[in-house]
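Dock chain one against chain two, each of which comes alone in its own frame, and use the hints as you go.
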Amino acid sequence: MINILIIILLSSIISVLFVSTKSKGIITVATVIVIASLSSFFSIKALFGESYQVVLSGTIMFGKVPVIIDSLSAWFILTINFTIVTGAMYGFNYMKKYREKKNEITLHCIAFLLVYFALLGISSVQNGFIFLLLWELMALSAFTLVIFEHEKPETIKAGLNYLIQSHFSIVFIMLGFIYVAFKTGSYGFDAIVSFSGNQSVLAGTVLFLCFFIGFAIKSGFVPFHTWLPYAHPAAPTHVSGIMSGVLIKIGIYGILRMLLLIRTDYTTIGYIILFISLFTGIYGVMLATIQHNLKKLLAYHSVENIGIIGIGIGLGCIGLGSSNKWMAILGFSGALLHTLNHSLFKSLLFYSAGNIYQAAHTLNVERLGGLIKKMPQTAVLFLVASIAICGLPPLNGFISEFLIYGGLYNWLYSANLISLIAIVFSIGGLVLIGGLALLCFTKAFSIVFLGNSREKHDDEIYETGFWQLFPMYLTVSLMILIGLFPSFFINALKRPVALYLQSAVFDQNIIKVGVVDSLQTISWLFFGLILFVLVIVGLRKLITRKKNIEIGSTWGCAYNNPTSKLQYTASSYVRSYSKLAKPLLDIEKNEVGIDEVFPAEKHYETDPYDKIERIFIDKPLKLINRITDPFLFLQNGRLQTYILYGIIFIASVIGLPLIIEKIISIFHFLNNL
Amino acid sequence: MLSIILILFTSIFFTGIIIRTKSIVSGRKGPVILQPVKDVVRLFKKGAIYSETTSIIFRIAPVIYFSTVFMACLVVPFGSYKGIVSFDGDFIFFAYILALGKFFSIISAMDTGSSFEGMGASREALFSMFAEPAFFILIGSFALFTGNTSFHNIFSTLHLGSSITYMLGGLAAFVLLMISMIENSRMPVDDPKTHLELTMIHEVMILDNSGFDLGLILSTGYLKFAMYGAIIADFFIGGLFLIWAIPLFLMIQVLYAIMIGLIESFMARFRMNHNPQFILTLSSVSFLIFLGVLLVLDKFV
Numbered sequence: 008m009i010n011i012l013i014i015i016l017l018s019s020i021i022s023v024l025f026v027s028t029k030s031k032g033i034i035t036v037a038t039v040i041v042i043a044s045l046s047s048f049f050s051i052k053a054l055f056g057e058s059y060q061v062v063l064s065g066t067i068m069f070g071k072v073p074v075i076i077d078s079l080s081a082w083f084i085l086t087i088n089f090t091i092v093t094g095a096m097y098g099f100n101y102m103k104k105y106r107e108k109k110n111e112i113t114l115h116c117i118a119f120l121l122v123y124f125a126l127l128g129i130s131s132v133q134n135g136f137i138f139l140l141l142w143e144l145m146a147l148s149a150f151t152l153v154i155f156e157h158e159k160p161e162t163i164k165a166g167l168n169y170l171i172q173s174h175f176s177i178v179f180i181m182l183g184f185i186y187v188a189f190k191t192g193s194y195g196f197d198a199i200v201s202f203s204g205n206q207s208v209l210a211g212t213v214l215f216l217c218f219f220i221g222f223a224i225k226s227g228f229v230p231f232h233t234w235l236p237y238a239h240p241a242a243p244t245h246v247s248g249i250m251s252g253v254l255i256k257i258g259i260y261g262i263l264r265m266l267l268l269i270r271t272d273y274t275t276i277g278y279i280i281l282f283i284s285l286f287t288g289i290y291g292v293m294l295a296t297i298q299h300n301l302k303k304l305l306a307y308h309s310v311e312n313i314g315i316i317g318i319g320i321g322l323g324c325i326g327l328g329s330s331n332k333w334m335a336i337l338g339f340s341g342a343l344l345h346t347l348n349h350s351l352f353k354s355l356l357f358y359s360a361g362n363i364y365q366a367a368h369t370l371n372v373e374r375l376g377g378l379i380k381k382m383p384q385t386a387v388l389f390l391v392a393s394i395a396i397c398g399l400p401p402l403n404g405f406i407s408e409f410l411i412y413g414g415l416y417n418w419l420y421s422a423n424l425i426s427l428i429a430i431v432f433s434i435g436g437l438v439l440i441g442g443l444a445l446l447c448f449t450k451a452f453s454i455v456f457l458g459n460s461r462e463k464h465d466d467e468i469y470e471t472g473f474w475q476l477f478p479m480y481l482t483v484s485l486m487i488l489i490g491l492f493p494s495f496f497i498n499a500l501k502r503p504v505a506l507y508l509q510s511a512v513f514d515q516n517i518i519k520v521g522v523v524d525s526l527q528t529i530s531w532l533f534f535g536l537i538l539f540v541l542v543i544v545g546l547r548k549l550i551t552r553k554k555n556i557e558i559g560s561t562w563g564c565a566y567n568n569p570t571s572k573l574q575y576t577a578s579s580y581v582r583s584y585s586k587l588a589k590p591l592l593d594i595e596k597n598e599v600g601i602d603e604v605f606p607a608e609k610h611y612e613t614d615p616y617d618k619i620e621r622i623f624i625d626k627p628l629k630l631i632n633r634i635t636d637p638f639l640f641l642q643n644g645r646l647q648t649y650i651l652y653g654i655i656f657i658a659s660v661i662g663l664p665l666i667i668e669k670i671i672s673i674f675h676f677l678n679n680l
Numbered sequence: 002m003l004s005i006i007l008i009l010f011t012s013i014f015f016t017g018i019i020i021r022t023k024s025i026v027s028g029r030k031g032p033v034i035l036q037p038v039k040d041v042v043r044l045f046k047k048g049a050i051y052s053e054t055t056s057i058i059f060r061i062a063p064v065i066y067f068s069t070v071f072m073a074c075l076v077v078p079f080g081s082y083k084g085i086v087s088f089d090g091d092f093i094f095f096a097y098i099l100a101l102g103k104f105f106s107i108i109s110a111m112d113t114g115s116s117f118e119g120m121g122a123s124r125e126a127l128f129s130m131f132a133e134p135a136f137f138i139l140i141g142s143f144a145l146f147t148g149n150t151s152f153h154n155i156f157s158t159l160h161l162g163s164s165i166t167y168m169l170g171g172l173a174a175f176v177l178l179m180i181s182m183i184e185n186s187r188m189p190v191d192d193p194k195t196h197l198e199l200t201m202i203h204e205v206m207i208l209d210n211s212g213f214d215l216g217l218i219l220s221t222g223y224l225k226f227a228m229y230g231a232i233i234a235d236f237f238i239g240g241l242f243l244i245w246a247i248p249l250f251l252m253i254q255v256l257y258a259i260m261i262g263l264i265e266s267f268m269a270r271f272r273m274n275h276n277p278q279f280i281l282t283l284s285s286v287s288f289l290i291f292l293g294v295l296l297v298l299d300k301f302v
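So the sequences go chain by chain: A and B.
For my numbering, add 7 to where a residue sits in the first sequence, where the first one is 1.
For my numbering, add 1 to where a residue sits in the second sequence, where the first one is 1.
Treat each hint with caution, since some may be false.
[What the hints assert, rightly or not] Derived BS3-like pairs: lysine-lysine, alpha-carbon spacing no greater than 25 angstroms straight-line:
(1) B:K46 with A:K548
(2) A:K553 with B:K46
(3) A:K159 with A:K104
(4) A:K586 with A:K596
(5) A:K164 with A:K618
(6) A:K548 with B:K47
(7) A:K618 with A:K629
(8) B:K46 with A:K554
(9) A:K332 with B:K300
(10) A:K554 with B:K39
(11) A:K159 with A:K108
(12) A:K553 with B:K39
(13) B:K194 with B:K30
(14) A:K572 with A:K381
(15) A:K380 with A:K463
(16) A:K553 with B:K47
(17) A:K572 with A:K609
(18) A:K548 with B:K39
(19) A:K554 with B:K47
Derived by calculation from the structure, the hints in this document are not laboratory data.
Excised from the complex, chain B in its bound form (with noise of 0.2 angstroms):
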């Protein structure tokens, strides 16, 4: 219970955070933290505009795409306290509720017959499926290193034995960092403030998205960054008392949201056809994880 509040308070100012840091180191002033609620609460009294050639699945895969985002949200734990559900082989659930997200989102572009949306809908099924096996690998590393099959199994044994863990935590934190940005389509992968549609993959999907449906799937990203924000949170909480765990717990997000704004400053987009070797990339430090996990455990015999 307590995870998803604070996973849902998260997203409320998570965005802002990163749009403050890329204004402030470009030497901006930079709106309001509460800007990108502002901006959903705005499109939601607006009205729509819908494309001739859109049929039903248009309309319904914003909200399908919104609903597996808050489903995938309740098996994350807050540390050593469990999500609204927890069972063994919860991320497989997670992993997959949310590529039936990201199905709809892809045929939902593809719904407008237009020639921009296809693209990205086209690179986003790509990417996310070269960033699956990064996680799952990364998973079943920690699920070998604890003994364990549900996310918060996994997080509340984690730092029992030795402090060695924290090393794999700062990996672990580095992978599922990258994951968040391929996922939410921001830099090195997706430029989500670039001005040309070609260059873009998640941002054209959504061209022809309007009022309503477009502020559900701006708030469904500002969840997803939450949402990654409290599995890296819960690489390093799974054992403090609750009074050290939510400011420790706040303190990552916002040091997590900044981190992206950096990243978003200083780094530029790669260009797209490097973008797969980036994101294998993550597949073998997820292995490197795995290795290690290895070593610690002295499995090579």
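Isolated chain A, as found in the complex (with noise of 0.2 angstroms):
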């Protein structure tokens, strides 16, 4: 199987090389749905208990490298097909305004394909260092196809962010592989399970902790969150789709794979990432209520839902600390369904925001408004996912959510005072992101698509095509099935988070009683949530038949003339909220006021920046600038002088040496006197 995905990988990166711009795009899409559909029917049949193992022969170097897709590794596999099958085709669509762009085009796809390669690889492969080659792989890839617009300066600092970030990331994942390697001598998983049972308890919370910052950089969990509020709008709308849907997934992925292999104390890492998450989840959220750039809200509301995947991931590491089974199941559970559930639904957000950006040309919302007049579809799509990022019934969010609520609560039961006081603060914690959540996107709803335009914009706007819309279709539908039909959905989870429990014995009722058997219920209520509300549209219909509906001005306040511009404003949305939050946050403001007695033009601007960032990437930079900046004058710009560095490298290479060599003897000379 590996073989042939291999040679069709290869076969569509070379034909895509030759043929036109158009071609380009169709081998691409083609090719990631038949590797999709392939590497799915794998998965599926691993998701249901029948895995696929391969082992590659390797080299001496790394040793052999076995392929395997177990439910943990399906369950990811499917979440990226997923996502990845529906960028690659609104992707397909996106990119037609760009086609003069042929040479960019080219490498865009090459490395659209490698990142997918990459991604199927990371999840299935289970030897540390080809696993660093995959994750190499995909760093790069990823950065060839966020910097797509590299006329841009802003693109190509994003880019770079991006790219330097990762690699701190790989950093800390190789020194976890390497010291294993060292300690064990083979660099496939299963020396790290030998070698975490054999080792004490603090060993393996550190090997564990230095996987976790690794695989959290790339994931996005505070502070190390940094590179995606730049990396995301700066990238093509389907690419930021499938970074926030499936790229910052895989380092959960990693997360959760490590805690299969590594043996340690489960509940002190569970209440780390548990701190952690809750941090990143409402830090996360804070500051996705203050931006104005759409695509910078999304990609802080990423970080948001990292950490209420976070959540679940130290629900269940608990859990397992202190066999509280059911806590575990529910944790995992909920991570497992809300990385699916946030793959889906931020990726449809992000096309939406694609989109909207085709239309009117920008992603300031404070210039946007009353688009769902022209774009009513887009609307609607947007509206649904906002109701499920929110995580609000009918639909996905609520069902993961749901879960780890659950896992909270259950919790409950078994606890001690401390953990009694972790259990507050999480429930606090996750009511309180639901709620910013709330704030945030009837916001980035309603002054996006609702009211009037604020702006006048140069071309006339219109609906996309329905090509476009067709994957964003394709999204929501399955949205809206793991919301009304979740208990097929728990089905199919509960082989991966069998495996945490390590029960030889598959258990088929695990999943049958409990929190998890409200699930039945829950969708019985969406189904009469759905049905009382037509029913009432109905006696609507027939009560108010026969009257009489006028259309006049919205209520002024007996001022029959308003503007645009009286409406409120995505600033003044949340001014209550950023007042109340400003010492916690970081707001540039540049106002001019009125202060003469005939005034200037006023002028008002807010700027929302990251105060962790200023602390954990500015501050650093500038002390690190401090240092290096007397030796400014080394880069001078002249190729005669970095050849003369070359030269004195090289010389000092050899030559040094050979003169401590020298003086040794010299040394050994004089003793012997």
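Right under this line is the structure:
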């Protein structure tokens, strides 16, 4: 299977080089669909008990390379496949506007295929060395995808920021693998199991934390999230969708995989993950609320949702540590389901943002408005995704958050004082995240789509074409399916979750009781809600059939000539919030007020910035700059000098040992005298 | 089944009692108890006027708002009798389905493109966000106390142990009373009878609704009151027989309505920027209940 996969991949990469721009896209989409159906076939089999396993011979340097699709890999591969396929389809239509950039498109298509290949590889390969190679491949090709519009300086800047930070991530993961390989002599994942089994708890925890930091940078846990809000807005829309939907999830996969491998004190790890995740969730949504750039807002929401997934994982770990089976099941299944859910609604939101960008040429929400009348389908899709991301019923977001809440309330029964306090704060935090998400998405939706347009746009705004909307409809239908038939998806989750419980005998009824059982009732209630809404709508039709319906202007307190400038803006909508949260946020204000008798033009501008970025990235950078600035003269841009540096370097590499040897021999000589 | 019938029944006269109480306290005779229902019926019969700015959202939102509150009522039990449905974690469903309604009422206010309604929407979103943790921690404490995670099981096992639970029930009633005041946009957070748009929350959000939609929104408000009243009553009628429970339930509902009337008569609305503080205080009271439960359960070791 792997051979076929690689042959398909290579042949399409080669053919992409030689065909017309349109065919490049077609080839890419076709390849993605073929590979996706192939890998989905094996994954679905794995998810229902028959895992795929093959051992490649490898080389003497890194040993055998087992490629295993077990149920955990299968879940992630399926998640990846869905978003990549919709992303490729959306991207094909989205990129039509950029057809004249021939070379960039070629590179883009190749990088797209490589990212996909790397993602599949990472989630199935079980050898540290190959894992790292694929990880690097993913980082580089994702970088290539991000800098598609490389002529814009901020895109290059965002891309480089991403590239550097993903290499920090690689450093930490590499440290972990090399440490294990150094101790055991093997890069295989089974070496990690045997190694951590023999070590003290502390060593295991440190090893896990090493991996965790590496993966956390990739998935965007606070304070490692700072690359995310730059990379997502800079990338083309389908790439942002894929990055936010699956690329950051591969970090989650890494964390979950390491939890399976490393045998250590799960309770401590669980508390650490829980704490970081809570912080991540709250901080992410706090910053998301004050953003004006739609894509940046969505990027911060990815941070928030990673936090929610992390809360699930943390709960699962604590459940494992305290052998509270229910808590572990609820935590892990909540986290896994939310991974899928988030990849769905977030990619959908990004695709909608892409439609808006192509129609209105801006993503600044303050300049949009009233789009629902011109782009009704995009508006409804965005609305559905917003409801889902807020975790509101009857959509998929509610299901996964419900599971996580279930885990938290389940924890109550076996808790002592410390864990009780953790529970209260977790529940409070999760609720606060939900509330802020509601504030944020009511803002985003209503400012962008409702009311009147706030600015004249150069071109007439039209709804996006059907084929660009088609992948979005695919996504939304899966979301609705998860919302209305959660039991099916929970059933599919029982094997991945059972991996953690290490129950040799697979318990058929594992998922049949308790809070999970409520999901059946909940899906009935959802149907009830939909039915009830329809009934009331029908009633209203019936009653108001013969009534007089007038169209007038909005109530303006007797002022009949309102302009669109009088509408509530995004900043004014969240003003009371940002005033409250001011001590925690970092908002630059630039104000020219009215202070004279004949005032000049008034001007007010706010620019939200990330406080953690200021502390963790900007300050250290400034420090490093202060140290390195005196050596700036070395970088003078003259080729001759650089050659000179090279010569000096080579000379010193060869010369220094010789000189040192000579000095030593002189000392010897002197000693012998 | 019993609970939904009783909630619907109470909602008919609930707001009437509030208005009557306020009139009597201020020395007027006041309208008949059923006046609010008559208003709604009158509104149902009227035509409507829609702003040209609005879209489909504005027309569908009142329906969804009403439906969500109705669905929320379905999980509210009556003492030891189940609601229409009861399952583990139903209070999470309860809170989230109400939030869905709020989501729609907020975006419908924003749909008008008005300079006033955004103000109300913004405040509503913020305040209800702050009120939410109080509810979750409150129910969490009782979940811990009784070892159950559904409304029905919590209420039916609450009073089996000792009578100290009535004290906790009292505190819980206070928190729920305040939450219901926030959710229904009443004093001291919001003043439903104010006449300046700048100082409104809920009222300003529905400025542009008329006819059937307005009637639906008003009746949602009545239903919401009765629903919270039912939950408050549930804290006390847990272990009782029907013959005692139903009169007690009605009595608590009436008392609750009178209490709201009295609060509205004697309290002024807070300054808007003091509201978050007040609402956060509720979370700390909930936390206090939580600590109380810990004390009772001897978890302080």
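- request: Given the hint that A:K553 pairs with B:K47, test it: the Cα-Cα distance must not exceed 25 angstroms.
  value: holds, 10 angstroms
- request: Measure nothing beyond the straight line between the CA atoms of A:K159 and A:K104; if it is 25 angstroms or shorter, mark the hint as holding.
  value: holds, 17 angstroms
message: Hint check: A:K618 vs A:K629, CA-CA at most 25 angstroms. Holds or violated?
response: The given pair, whose Cα atoms are some 15 angstroms apart, holds under the 25 angstroms limit.
- request: Could you grab the alpha-carbon distance between A:K332 and B:K300 and see if it respects the 25 angstroms cut-off?
  value: Satisfied, since the Cα-Cα distance of roughly 22 angstroms is no more than 25 angstroms.
field: Straight-line alpha-carbon gap A:K380 to A:K463, limit 25 angstroms
entry: holds, 15 angstroms
task: Given the hint that A:K159 pairs with A:K108, test it: the Cα-Cα distance must not exceed 25 angstroms.
output: holds, 14 angstroms
field: Pairwise hint evaluation, A:K596 against A:K586, where the allowed Cα distance is 25 angstroms at most
entry: Between A:K586 and A:K596 the Cα gap is close to 12 angstroms, so the pair holds against 25 angstroms.
Holds or violated: A:K554 to B:K39, with C-alpha atoms at most 25 angstroms apart: holds, 19 angstroms
message: With the threshold set at 25 angstroms, check whether the alpha-carbon distance from A:K548 to B:K39 stays at or below it.
response: Given that 25 angstroms is the threshold and the Cα spacing comes to 21 angstroms, the pair holds.
A:K572 paired with A:K609 [C-alpha distance capped at 25 angstroms]: holds, 15 angstroms
Proposed proximity, A:K554 with B:K46 (alpha carbon, max 25 angstroms): Distance of about 8 angstroms is within 25 angstroms: holds.
Satisfaction of hint between B:K47 and A:K548, Cα-Cα up to 25 angstroms: holds, 13 angstroms
The structure shown violates none of the earlier numbered hints.
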